[in-house]
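Residue numbers (the working numbering), protein chains in the order written: chain A, 1 to 358; chain B, 1 to 222.
Don't take each hint at face value.
Which residues of chain A face chain B? A partial, calculated answer using Cβ under 7 angstroms [claimed, not checked]:
1) ILE39
2) SER274
3) THR278
Read the hints as simulated data drawn from the structure, not as lab findings.
Where a beta carbon is used, it is the ideal one built from N, C-alpha and C, also for glycine.
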Amino acid sequence: MKNLKTQGFILIDVDVVALNNAGKSTSTEAENGVATKRIQKNGRSYTYVSGQAWRYWWRNALQKDFNWGLSPIIREAKVAFTAANPIQFADDDVFGYMKAATEVVTDEKGKDKKENITVTRVSPLKNSAIVSVTSVQVVENWSSMSRHEGDAVPYTKQEYSAIMKGMFSLDLEAVGTFAAYNKTGFKNLSAKLREEALAQTGSSEISDPHLPSAKGEAHQLVRLDKSIRTQRISETLSALKFLSGGAMQTNNMADVAPTFVILATTTSGNHPFSHVATSKGSIDQTFELNVDGIEEILRDFKAQIQGKVFIGHRSGFLSSADVQKLEVLKSQYPGVVELGSINDMIDKYVAQVEKQIP
Amino acid sequence: MKTYRVDISSWTASFRYPNLISGLQPTLEVPPLSTVLGLINAAAGQYLEHEDLIIGYYFEFAAKATDLETIYMIEAGKNGQGSNSGKSNVIQREFLFENRLSLYCADSKIIDFFREPVFPLLLGRSGDLASVEQIEEIELAEIDHAEKIRGQIIPLKGNFLPGVIQALPKYFTNTFPRQNIGTEPFSVIRYNVFDLTTKIAAFRDHTLQKDGVDIYFHHFKL
Numbered sequence: 001m002k003n004l005k006t007q008g009f010i011l012i013d014v015d016v017v018a019l020n021n022a023g024k025s026t027s028t029e030a031e032n033g034v035a036t037k038r039i040q041k042n043g044r045s046y047t048y049v050s051g052q053a054w055r056y057w058w059r060n061a062l063q064k065d066f067n068w069g070l071s072p073i074i075r076e077a078k079v080a081f082t083a084a085n086p087i088q089f090a091d092d093d094v095f096g097y098m099k100a101a102t103e104v105v106t107d108e109k110g111k112d113k114k115e116n117i118t119v120t121r122v123s124p125l126k127n128s129a130i131v132s133v134t135s136v137q138v139v140e141n142w143s144s145m146s147r148h149e150g151d152a153v154p155y156t157k158q159e160y161s162a163i164m165k166g167m168f169s170l171d172l173e174a175v176g177t178f179a180a181y182n183k184t185g186f187k188n189l190s191a192k193l194r195e196e197a198l199a200q201t202g203s204s205e206i207s208d209p210h211l212p213s214a215k216g217e218a219h220q221l222v223r224l225d226k227s228i229r230t231q232r233i234s235e236t237l238s239a240l241k242f243l244s245g246g247a248m249q250t251n252n253m254a255d256v257a258p259t260f261v262i263l264a265t266t267t268s269g270n271h272p273f274s275h276v277a278t279s280k281g282s283i284d285q286t287f288e289l290n291v292d293g294i295e296e297i298l299r300d301f302k303a304q305i306q307g308k309v310f311i312g313h314r315s316g317f318l319s320s321a322d323v324q325k326l327e328v329l330k331s332q333y334p335g336v337v338e339l340g341s342i343n344d345m346i347d348k349y350v351a352q353v354e355k356q357i358p
Numbered sequence: 001m002k003t004y005r006v007d008i009s010s011w012t013a014s015f016r017y018p019n020l021i022s023g024l025q026p027t028l029e030v031p032p033l034s035t036v037l038g039l040i041n042a043a044a045g046q047y048l049e050h051e052d053l054i055i056g057y058y059f060e061f062a063a064k065a066t067d068l069e070t071i072y073m074i075e076a077g078k079n080g081q082g083s084n085s086g087k088s089n090v091i092q093r094e095f096l097f098e099n100r101l102s103l104y105c106a107d108s109k110i111i112d113f114f115r116e117p118v119f120p121l122l123l124g125r126s127g128d129l130a131s132v133e134q135i136e137e138i139e140l141a142e143i144d145h146a147e148k149i150r151g152q153i154i155p156l157k158g159n160f161l162p163g164v165i166q167a168l169p170k171y172f173t174n175t176f177p178r179q180n181i182g183t184e185p186f187s188v189i190r191y192n193v194f195d196l197t198t199k200i201a202a203f204r205d206h207t208l209q210k211d212g213v214d215i216y217f218h219h220f221k222l
């Protein structure tokens, strides 16, 4: 087992947005003020979108553009959970779940008994928050709800323009691969679902290399047919092209699809691309692409990078100096670095990963 | 003393206070030993049974902020397993921004796991992705009376250092459900405190901060 992961890095470029709000503003004098999420560092503001919100956008893109039938949310009394059926629902598979429940089963003597079928799945897709690369001037703007007769209802909201960075890691071995044994976070399937999974055409059992049983033997994992796993992985990655979302869309619609992307397959859980976007200037106000940093990664992690590294950028986003540096990088690493437009690079990476999936 | 140092960085991190279930979820300003040992397991891709582990670490961050988060609170059922009842809630969770964890260990086997970690490295929540920056072999000078203890947790008993005092687990079992191992009170000392005189034996890393940090080595046995 090669332990393959897709390591991704993205930049989004947004103008006058309030992508993810933090509830009532405590810094405004207005009665109805909404604050945006931000971090104060050395007296400066860095705006961010929670990892949770990014996942919400991602899930929606998969539903809208790839026709993923999302796992239904089941509500029983006070509790809500998804179906926790990763065989049927690709989003349960890729985004993980927890469901605490009991199921009536028939034991060997033919008697009905209640069995705990609590299942959890650690998400194979892990993503960071999306944080502004530079310090950001957040402004408070007035709005009003004034469609009816009588007094308008004024409110304020915090808005900003920023280049923001995000990174993610998709465990290619874990997609469509499930454990049914009892370990915290590892029991993905109930006994019934395990049978269902094994009954699927093309599914098989493989040994779990990571967690031996108490006797030291390998546990068996259920793995879905390669075509299903490939489709789920390709669509998850392709959905990056169609990301849309953010709060207050009617007033602050912004394009949150990446304007810059790096995609690579590694044999390691280590995410190498965390420092490729940096800031400079007296108050951290200027964005800079760290092309030397990308070059360092290509050198240092050469043994862990499988296939090509795809770097996509939307025309007009990067400075001509940065584009030139990337061109030089490409010529220094022929056969390793591919450079092009965002969608082209995502498509080419997806074509590469489809050949790499075990 | 010759040892290895692994530098790990992350954009965000959050280390929850044990025992706090509802309301604002503050973050500890230094990860507990169990988090660091969990990180080693993530890198190793397996649960490690440590017979005799000597490990030190230092943690610093650039800012602290609060996130608004939806959580699902599941009530505990029989045998500590999750039950079928609970509710979703919106909570405020503190997190740390621009973090660095330096891990010290003389055992090259532990260090080698970080050269090609099996699972993604996380500092707290599932979105707190972290990266290994560098791994190097360094020489640390022994200090009898450490003065520059910071960015670490120190056992409270026998040392009685100031800082946030918290009962923290050292490790978790690999049973189902997991159990805490070796919970004891620690002083959680953030990275930017003043020097103070102690009787603690430690090792000084001159490269950290302006004039070095004294690293306390925890001795862990399962």
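Hint-by-hint comparison with the structure:
1. ILE39: Nearest chain B Cβ about 4 angstroms off; hint holds.
2. SER274: holds (4 angstroms)
3. THR278: Status violated, d = 12 angstroms.
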